[in-house]
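S.K.: Under the numbering used here, the first residue of the sequence shown carries the number 58, and numbering increases by one thereafter.
FYI, nobody ran anything at the bench for these hints, they're computed from the structure. Since the structure is predicted, the reported quantities are computational estimates derived from the model, not experimental observations. Misleading hints may appear alongside valid ones.
Stated by the list, open to error - Here are the computed lysine-lysine pairs in the BS3-like style, where the Cα-Cα straight-line distance is at most 25 Å:
{"no.": "1", "residue 1": "Lys392", "residue 2": "Lys266"}
{"no.": "2", "residue 1": "Lys364", "residue 2": "Lys380"}
{"no.": "3", "residue 1": "Lys195", "residue 2": "Lys392"}
{"no.": "4", "residue 1": "Lys239", "residue 2": "Lys302"}
{"no.": "5", "residue 1": "Lys302", "residue 2": "Lys364"}
{"no.": "6", "residue 1": "Lys392", "residue 2": "Lys380"}
{"no.": "7", "residue 1": "Lys195", "residue 2": "Lys266"}
{"no.": "8", "residue 1": "Lys239", "residue 2": "Lys392"}
{"no.": "9", "residue 1": "Lys364", "residue 2": "Lys195"}
{"no.": "10", "residue 1": "Lys157", "residue 2": "Lys239"}
{"no.": "11", "residue 1": "Lys364", "residue 2": "Lys266"}
{"no.": "12", "residue 1": "Lys136", "residue 2": "Lys302"}
{"no.": "13", "residue 1": "Lys266", "residue 2": "Lys239"}
{"no.": "14", "residue 1": "Lys201", "residue 2": "Lys364"}
{"no.": "15", "residue 1": "Lys380", "residue 2": "Lys195"}
{"no.": "16", "residue 1": "Lys157", "residue 2": "Lys364"}
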Amino acid sequence: MKARLMKMAAVSMAAVILLAGCGGKGTEAPAETPAQEEADAEAPKSGDSGGTWEVSLSTPLYEAGIWGQELNWFSQQVKERTEGRVTVNVFFANALGEQKDMFTQLANGEIELICDGTLPIDYYAPEYGFIAAPYLLKGPDHLKAIIDSGYFDGFEAKLAQNHILIGGIGLRNPRNTMTTAKFQWDGANTSGLVIRVPDNALYVDSWSKLGANVQIMGGGEIYSALQTGVLNACEGPYDQFLELKVEEFGEGYIYETEHVTEFFAIYLNDSWMNSLPEDLQTIINETAQEAMQRASDEVFANSEACKQTLVDAGYTFIDTIDKDALFEAVAPVWKERFETDWTAASYDEIMSLAD
């Protein structure tokens, strides 16, 4: 896995064969704007020397969390390793705008970098939706196998068609379900949950299939929504719960559903990257991969510590969830998607990678 991740930057810059695909429920990718066309035409060619660059990196992550601290490390290291020629200013907690808008700006060359999760699949490559489908993948090793496969190469190629490259990638801890009051799970029926999910069709479909009342909102709204009772549940990795400061509620419940294993990545605008000398491109790609690998290693190493912090704050962990029942309940949705939208692979091909 690590060997694959360490060469991810090189893969994203390489020409790869596109796998056949069609649309679906994902957001239609924006057409190239006049601003992007002008940027493409005027951008210096790779290898040009001289010049300095001050650029922006937008992220929904919080600065105090593990991933946020590694983004600060990335910014510092890029400045040091390029001897001040490239300065990356990091904007946390969606300070520059919501994620969908930021990705449109990234594709159009209006912002240079983003650190985020799997949302570009929904926006630009819906035929690869299986990479991030809740209740489909069997855990981190299953996702690693997909990332190491040609299917992920095809996904990267789709992003490249929209002027987006992956500079670095790392795995997150599995996502679990947090509630502010004890919830009686009835097999695979989550009726009664009012749960926040990101603006992602896969999350909406899976939780809706299980009977939950799904609320789409940004990460910055979760705390107040839980506090005021607009929500009674949210989902995410343990470290994300701590970033949201849910321990301030005093008590609650965390159901170990482990329904998604996903990645975070540093995404780059290709025109900006191609405007840099090759040595600076290499530094940025290698530093991005190093930062994401550091964060990934740290969140997995600190998983039990994060869990203990939540226990100490009054949270009760419940590990008796029937994960097989949840998988079986949602599987028909995903099997239908493989026949209609997820044309880059078959259900059997993806599930064979879990072996």
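S.K.: Each hint should be assessed against the structure and marked as holding or not.
M.R.: The hints, checked one at a time:
A C-alpha spacing of about 13 Å is found between Lys392 and Lys266, which places the hinted pair at or below 25 Å, so the restraint holds. For the proposed pair Lys364 and Lys380, the alpha carbon gap of about 20 Å is at most 25 Å, so the pair holds. Restraint check for Lys195 and Lys392: the C-alpha separation of about 15 Å stays at or below 25 Å, so the hint holds. At roughly 19 Å between alpha-carbon atoms, Lys239 and Lys302 fall within 25 Å of each other, so this suggested pair holds.
Note on Lys302 and Lys364: the hinted pairing holds, with a Cα-Cα distance of about 13 Å set against a maximum of 25 Å. Annotation: proposed proximity of Lys392 to Lys380 holds, straight-line Cα distance about 18 Å (limit 25 Å). Of the supplied pair hints, the one linking Lys195 and Lys266 holds, its CA atoms being roughly 19 Å apart against a limit of 25 Å. Simply put, Lys239 and Lys392 have alpha-carbon atoms about 32 Å apart, too far for the 25 Å limit, and the pair is violated.
Straight-line distance between C-alpha atoms of Lys364 and Lys195 comes to about 21 Å, which keeps the hinted pair within the 25 Å bound. For the hint pairing Lys157 with Lys239, the CA-to-CA distance comes to about 33 Å; that exceeds 25 Å, so the pair is violated. With a C-alpha separation of about 28 Å, the suggested pairing of Lys364 with Lys266 is violated against the 25 Å cut-off. A threshold of 25 Å between alpha carbons decides the hint, and for Lys136 with Lys302 the separation of about 31 Å lies outside it, so the pair is violated.
Taking the CA atoms of Lys266 and Lys239, the gap is about 21 Å. The hint holds against a cut of 25 Å. Only pairs whose Cα atoms come within 25 Å are accepted, and Lys201 paired with Lys364 is accepted, the gap being roughly 23 Å. Only pairs whose Cα atoms come within 25 Å are accepted, and Lys380 paired with Lys195 is accepted, the gap being roughly 10 Å. Taking the CA atoms of Lys157 and Lys364, the gap is about 31 Å. The hint is violated against a cut of 25 Å.
Figure legend: structure checked against the earlier numbered hints; hints not met, in rising order: 8, 10, 11, 12, 16.
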